[in-house]
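*Asks:* Model the full assembly from the supplied sequences, consistent with the hints where possible.
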Amino acid sequence: MAEDGYVTTEEAKRAGEEPLQVYVRKDYKELAPFYLETVRQMVIKKLGEIMVLDKGIKIYTGLDLQKQVEAQNQVRNGLRSVDKRQGFRGPKESLQNPEDVAKFLRKSRDELMDEASAVRIIQADGTIQEKGELDLDGQDDQGNPLPTIPPYLSVDQIVPAVVMKVDDTWGLVHVRFCESKGLIDFESMKWARQPDPGVRFDQGEISKPSEALKAGDVIEVRLIGRTFSSQAVEDHLNTLKKKAGKNWKEPEDLPDFKLHAHVELEQEPSVEGALVAIDQNSEDVLALVGGYDFTRSEFSRALQAARQTGSAFKSLVYAAALDKGYTPATSILDSPIVYEEEDTEVQDVDADEIITKKWKPLNHSKRFMGETLFRKALIRSLNVPTVKIIEKIGVDWVANYARRLGVFSPLNYDFTMALGSSGVTLYEMTKMFSIFGRMGKKV
Numbered sequence: 001m002a003e004d005g006y007v008t009t010e011e012a013k014r015a016g017e018e019p020l021q022v023y024v025r026k027d028y029k030e031l032a033p034f035y036l037e038t039v040r041q042m043v044i045k046k047l048g049e050i051m052v053l054d055k056g057i058k059i060y061t062g063l064d065l066q067k068q069v070e071a072q073n074q075v076r077n078g079l080r081s082v083d084k085r086q087g088f089r090g091p092k093e094s095l096q097n098p099e100d101v102a103k104f105l106r107k108s109r110d111e112l113m114d115e116a117s118a119v120r121i122i123q124a125d126g127t128i129q130e131k132g133e134l135d136l137d138g139q140d141d142q143g144n145p146l147p148t149i150p151p152y153l154s155v156d157q158i159v160p161a162v163v164m165k166v167d168d169t170w171g172l173v174h175v176r177f178c179e180s181k182g183l184i185d186f187e188s189m190k191w192a193r194q195p196d197p198g199v200r201f202d203q204g205e206i207s208k209p210s211e212a213l214k215a216g217d218v219i220e221v222r223l224i225g226r227t228f229s230s231q232a233v234e235d236h237l238n239t240l241k242k243k244a245g246k247n248w249k250e251p252e253d254l255p256d257f258k259l260h261a262h263v264e265l266e267q268e269p270s271v272e273g274a275l276v277a278i279d280q281n282s283e284d285v286l287a288l289v290g291g292y293d294f295t296r297s298e299f300s301r302a303l304q305a306a307r308q309t310g311s312a313f314k315s316l317v318y319a320a321a322l323d324k325g326y327t328p329a330t331s332i333l334d335s336p337i338v339y340e341e342e343d344t345e346v347q348d349v350d351a352d353e354i355i356t357k358k359w360k361p362l363n364h365s366k367r368f369m370g371e372t373l374f375r376k377a378l379i380r381s382l383n384v385p386t387v388k389i390i391e392k393i394g395v396d397w398v399a400n401y402a403r404r405l406g407v408f409s410p411l412n413y414d415f416t417m418a419l420g421s422s423g424v425t426l427y428e429m430t431k432m433f434s435i436f437g438r439m440g441k442k443v
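Read left to right, the sequence shown gives residues 1 to 443 (our numbering).
If you are wondering where the hints come from, they were derived from the structure by calculation, not from laboratory data.
Hints are not guaranteed to be accurate.
[Unchecked claim] Under the rule of at most 20 Å between Cα atoms (straight-line distance), these lysine to any residue pairs were calculated in the SDA-like manner:
1. LYS442 to GLU428
2. LYS84 to GLN203
3. LYS67 to LEU79
4. LYS107 to SER117
*Replies:* Next comes the structure, spelled out in structure tokens:
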């Protein structure tokens, strides 16, 4: 512009020295990664990569973004809850050098600030403006206390933190996240036992914070509130006050709760899950979640993972029976039954042995109800009556019925099919139950 005379050389020089504010475009996959990846694959398969990637076509889906975000949150929270019941797998790492702690806190602060804002400042030399030094004294330039939760963070957010002190006396764990301080109440971290599949989660709780954490541990915490509070600590204080009477003095080792955020111990789950939501009226797939984190694993457990359905498959068996002449009032004998099957077992090159395999299905309660109505067998999810139903109407009939309802995964062609022994995807099962909800109209 200076060469063409639109601005002076001096103006061009000043403009070149000024920082430039730019906005980073967020990855679309953050919003509905599994859903959009599925759509992308389907459209490319149908139209080809050139049409999809180069022609700027518009694609309309049934995605409800609000429901999708809520679905992702519910799946993640549910998986974290399940994972906690398995125990605490320990800290991510341990930092004993104060300089390493400061570096970690600054790095995590910078990353969290970048996540919260799309704004980046590019300086005259082409580098991105740094966030500045980490303020660990808890005060601003005027000496006022910094907010316990920085403005770029929000309540219920999960952030990395470093354990600074473990106090078994008061049942508190002091942590630092970014430039802020937080406290973990022991009551909220009793689940943090060492993983042990042989012990129920509610029977192996830890007895003090130091059994799980120590100073320097790098962990994840959830931001619960801007000021800390603990009913257990309050009860302990009240007990001490009553004992001390007029001689009561505030404990010097108790931190100021107003200067600490309320946080809880978290850990990234190793367990996975999925969710599919279909609108009964429009038939649209409103939300689809294929796992905890798309960046961690792109494998869609909603569409690709075939798991044994268990008793969920019984609904299909009973629906098939209704179309075969059964009624809700049909009587079925819930009594013991044993199935035998001959099989050949290779002993050596010259001889095989015929062995007889036995299968005796049982109800979950290990009891039998005798004469039972069809509807009660379904309501109580009884195994034996369900097996007797598939024996009478035929495995082929149930398998073909499943195909008509949209189940296309390979099925076990034996009586165990009735109890959900076959691996079926979540999408297929959701589609099947959607047909029930639509009074038989196919999705």
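*Asks:* Could you check the structure against the hints above and give me the numbers of any it violates, in ascending order?
*Replies:* Result: no hint breaks.
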